[in-house]
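Asker: Could you build all of it, start to finish, from the sequences and the hints given here?
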Amino acid sequence: MSTKSEVSAETKGERRVLTGNAAAAYGALLSRPDVVALYPITPQSEVVETLSKFYANGMLDAEMIQVEGENSAMSSIMAASVAGGRVFTATSSWGLAFMYDAVLMAAGMRIPAVMVNVNREMPGIYSVSCSRQDIMSVRDAGWIQIEVETTQEVLDTVIMAYRLAEDSEILLPTMVSYDGYYLSFMSEDMEIPPQDYADRFLAVLKEQPERLKLVPGGPLGFHAHALLEDFMEYRYKHCAALERAKTKIDQVEQEFEAIFGRKYGGVLEEYRCEDADIVLLTMGSSTGTARVAVDSKREQGIKVGLVKLRMLRPFPKEKIASVLKDKKAVGIIDRSVNFGWNSGHVYTEVQSALFGVDTNVKLLDYITGIASLDITIDHLERAIDEAYAASQGKEYKDVSWLPLE
Amino acid sequence: MSGYYDTLKIKPDACPADCQVCVDACAGRSSENNLGAVIKIVGDIKDKHSAATCYQCSKPECLEACPSDAITKSDEDGIVRIDMDECTGCEACVDACPYEMIVFNDDKQIATKCDMCDGKAACAGACPHGVISVDSAAPVRKYMQEDLLSPGVAFCGGCMLELAIRFTLKVLGKDIVLFASASCSAPVLIGIGHVSLEKTAFYGCLMTNIASSAAGYARYYKKIGKEVTPVCFVGDGNTVDIGFQNLSGAAERGENILYICYDNEGYMNTGYQKSSTTPLGAWTSTTEVGSTGRGKPSQSKDVALMMAMHDTPYVATATLSNLEDYASKLIKAREAIKKGLAYIHLYTPCPTGWKLAPDSTVEMCRNVVESNAFPLWEAEYGDIRFTYEPKEQKPLASFIKMARKFSHLTDEDIQALQENVDHRYLRLQKLAGVC
Numbered sequence: 001m002s003t004k005s006e007v008s009a010e011t012k013g014e015r016r017v018l019t020g021n022a023a024a025a026y027g028a029l030l031s032r033p034d035v036v037a038l039y040p041i042t043p044q045s046e047v048v049e050t051l052s053k054f055y056a057n058g059m060l061d062a063e064m065i066q067v068e069g070e071n072s073a074m075s076s077i078m079a080a081s082v083a084g085g086r087v088f089t090a091t092s093s094w095g096l097a098f099m100y101d102a103v104l105m106a107a108g109m110r111i112p113a114v115m116v117n118v119n120r121e122m123p124g125i126y127s128v129s130c131s132r133q134d135i136m137s138v139r140d141a142g143w144i145q146i147e148v149e150t151t152q153e154v155l156d157t158v159i160m161a162y163r164l165a166e167d168s169e170i171l172l173p174t175m176v177s178y179d180g181y182y183l184s185f186m187s188e189d190m191e192i193p194p195q196d197y198a199d200r201f202l203a204v205l206k207e208q209p210e211r212l213k214l215v216p217g218g219p220l221g222f223h224a225h226a227l228l229e230d231f232m233e234y235r236y237k238h239c240a241a242l243e244r245a246k247t248k249i250d251q252v253e254q255e256f257e258a259i260f261g262r263k264y265g266g267v268l269e270e271y272r273c274e275d276a277d278i279v280l281l282t283m284g285s286s287t288g289t290a291r292v293a294v295d296s297k298r299e300q301g302i303k304v305g306l307v308k309l310r311m312l313r314p315f316p317k318e319k320i321a322s323v324l325k326d327k328k329a330v331g332i333i334d335r336s337v338n339f340g341w342n343s344g345h346v347y348t349e350v351q352s353a354l355f356g357v358d359t360n361v362k363l364l365d366y367i368t369g370i371a372s373l374d375i376t377i378d379h380l381e382r383a384i385d386e387a388y389a390a391s392q393g394k395e396y397k398d399v400s401w402l403p404l405e
Numbered sequence: 001m002s003g004y005y006d007t008l009k010i011k012p013d014a015c016p017a018d019c020q021v022c023v024d025a026c027a028g029r030s031s032e033n034n035l036g037a038v039i040k041i042v043g044d045i046k047d048k049h050s051a052a053t054c055y056q057c058s059k060p061e062c063l064e065a066c067p068s069d070a071i072t073k074s075d076e077d078g079i080v081r082i083d084m085d086e087c088t089g090c091e092a093c094v095d096a097c098p099y100e101m102i103v104f105n106d107d108k109q110i111a112t113k114c115d116m117c118d119g120k121a122a123c124a125g126a127c128p129h130g131v132i133s134v135d136s137a138a139p140v141r142k143y144m145q146e147d148l149l150s151p152g153v154a155f156c157g158g159c160m161l162e163l164a165i166r167f168t169l170k171v172l173g174k175d176i177v178l179f180a181s182a183s184c185s186a187p188v189l190i191g192i193g194h195v196s197l198e199k200t201a202f203y204g205c206l207m208t209n210i211a212s213s214a215a216g217y218a219r220y221y222k223k224i225g226k227e228v229t230p231v232c233f234v235g236d237g238n239t240v241d242i243g244f245q246n247l248s249g250a251a252e253r254g255e256n257i258l259y260i261c262y263d264n265e266g267y268m269n270t271g272y273q274k275s276s277t278t279p280l281g282a283w284t285s286t287t288e289v290g291s292t293g294r295g296k297p298s299q300s301k302d303v304a305l306m307m308a309m310h311d312t313p314y315v316a317t318a319t320l321s322n323l324e325d326y327a328s329k330l331i332k333a334r335e336a337i338k339k340g341l342a343y344i345h346l347y348t349p350c351p352t353g354w355k356l357a358p359d360s361t362v363e364m365c366r367n368v369v370e371s372n373a374f375p376l377w378e379a380e381y382g383d384i385r386f387t388y389e390p391k392e393q394k395p396l397a398s399f400i401k402m403a404r405k406f407s408h409l410t411d412e413d414i415q416a417l418q419e420n421v422d423h424r425y426l427r428l429q430k431l432a433g434v435c
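In the order they appear, the protein sequences are chains A and B.
Residues 1 to 405 (the numbering used here) make up the first sequence, in order.
Residues 1 to 435 (the numbering used here) make up the second sequence, in order.
Since the hints were derived computationally from the structure, they do not count as laboratory data.
Just to be clear, a hint being listed does not mean it is correct.
[As the list claims (entries may be wrong)] In silico BS3-like pairs for lysine-lysine, Cα to Cα no more than 25 Å straight-line:
| id | chain 1 | residue 1 | chain 2 | residue 2 |
| --- | --- | --- | --- | --- |
| 1 | B | Lys142 | B | Lys332 |
| 2 | A | Lys53 | B | Lys222 |
| 3 | B | Lys222 | A | Lys206 |
| 4 | A | Lys213 | B | Lys199 |
| 5 | A | Lys53 | B | Lys223 |
| 6 | B | Lys223 | A | Lys206 |
| 7 | B | Lys174 | A | Lys213 |
| 8 | A | Lys213 | B | Lys338 |
| 9 | B | Lys226 | A | Lys213 |
| 10 | A | Lys53 | A | Lys12 |
| 11 | A | Lys213 | B | Lys223 |
| 12 | A | Lys206 | B | Lys226 |
| 13 | B | Lys222 | A | Lys213 |
Answerer: Printed below as a string of structure tokens:
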């Protein structure tokens, strides 16, 4: 992390070279959480360390709970949220697995927590490396999940996540995830926005109907045993709230852009898609490489575009369908393995989104970048070439493991 | 507050042969209501008899039966009195009393009964054998607040939990926030549908996160500068098995929470499976007794001692035969959470899972205290002191098979358990510096 800083003339923010982890910590700091509970795990530890520094320096005016494990991190912030607080935690992979029951509870309880997940391989084959196997393992937990690409986007999205999570029409835990080892440790020039920007942006939440709190002497209990139709109604409302998040994110981003001057496309970002015949579909840190590959193939005359999927849950099936249905072929870059389907996860998600849609688009899945293997320009150009060939009526393989196949 | 009264405490089967001292003292008491002795000696066996008199019933049947409203129960001292001027001598009360404790005076043709000499009980003062005493309810009255638990709750017959929860809530009051979890207490403490059975705010936890939940809640209140009393009330499985990590972590960090573990020595809500506090040799549905199985093959964890070794501000053991001891510990624990985590280990026998007669649970509590199997102690920052010491140690063999989970134990098995009890008690004495 650079210590040199300068004030940007445009935004009055502070320009710094920061890692993704430091950016996450700044995002949390600027959101003014009341309670932060953390447990370190590679490659997320720098988030904990940075927030600990903020706390020690008197910058972070929050209760900081250095818990003895991730389950307690999630559990502590859940109850702190029910008490009335704004809460934050961060984890990764094995830690996410260790808090799994609490992750489920947070969703069912409609806890407006924000958690950063730094993507890493899950246990099974011992590995200290990147993949998105961890975030995919909680796709069914009921959270809002957003994957980001750059350090700036990490910081900005953490702040925006509070506007989603705490919105009275949403009230759902929200996970901001980014690729470990790549984005977690990569340093980029970025802006730390002024505190009053964040304050102004988040102030809207104070005008909303106050959420239910657990109050001593009060009449409410939380997480009671739900029965039959009550239980079903909770699930029904939960799903309805997730659906609302797909449009809420656009509104939140618009307001963010008005104050901060940046935007990321909501549920997904399109790049050179308008006239494209074929599209690469990526998530997170490898998107930058994909832009280079797309540009290079464009120069060769291939009408290729790029879709960066940001929102994994709720899955933006309508938007995906509208963006992809008129394309001829899509190369999907998957950084995780969907056991039992012999594919990546995003591939099956996109397949589902296109079911019943009037389209002839061909889907080509590329499992790559797991175990921290680099997703190279060669990989992505191959995906584009094969998608192009498929679009021309050539035979193609549904799923390819790069670089094994 | 009404409802908790001084009572005449009479040890059963404890009177020496032919002793009549209390009866004589009663007959000679100075009272304008004195129409002769109203205490009597009962029991057919000559060497095991008892003194007995009116129990001052909470719902006296004599009062209900009296056609002339001559009988009243005082809200102030709880004593049931007969107004001599109103009594018509119909003897309806004599017939109504199930304990035969109303005395009919043939000379004056009116009924009479014990009024505890208005609190001075001549019998108690006279008894030379320490059999009769006045048990003061003053300490209990001091602690008792509103009853915060529904009159009807879903526990097994004889279960200690209703008493444990009702009493705990009465002492701690309405402004606590309860943290409960899947356990025997769950159907009561974390509600069913829209119904909750206690008047306090509550939060249903996972089995893995009771202390960490309470800690998070407490931290928010710390952040906003308000005092709060989060009280975890959960079973031994939550505490010492699956949930021990987060409890230990909360203690180490000095979270400002009160944690009460009610120990019924296993997973009693779900069919009596063993936990880490199940004693050596005990039958459970997962430590079966058969041709090769002899009940639980390993010792129980001494959880309270483990907690005390966290050097946390307050740790205590308690049980329901010694309610004043428990109440005073609750009060101390509530105070101690201003400095850190307070832990109370509450022994609560389970009649269903232990195969123990439903009317014997309090007796079991008393037995384990008197036998040193569950010593009553407290520790401030790890410094242990006994809060009660039995005058004479009761052998395990004299009562252990009351709980039929121990019915298969041989004399050698019981001897092994006894040695374990003695070993642990000696260790505790050493830690307390009393031996």
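Asker: Any of the earlier hints contradicted here, and which numbers?
Answerer: Per hint list: zero violations.
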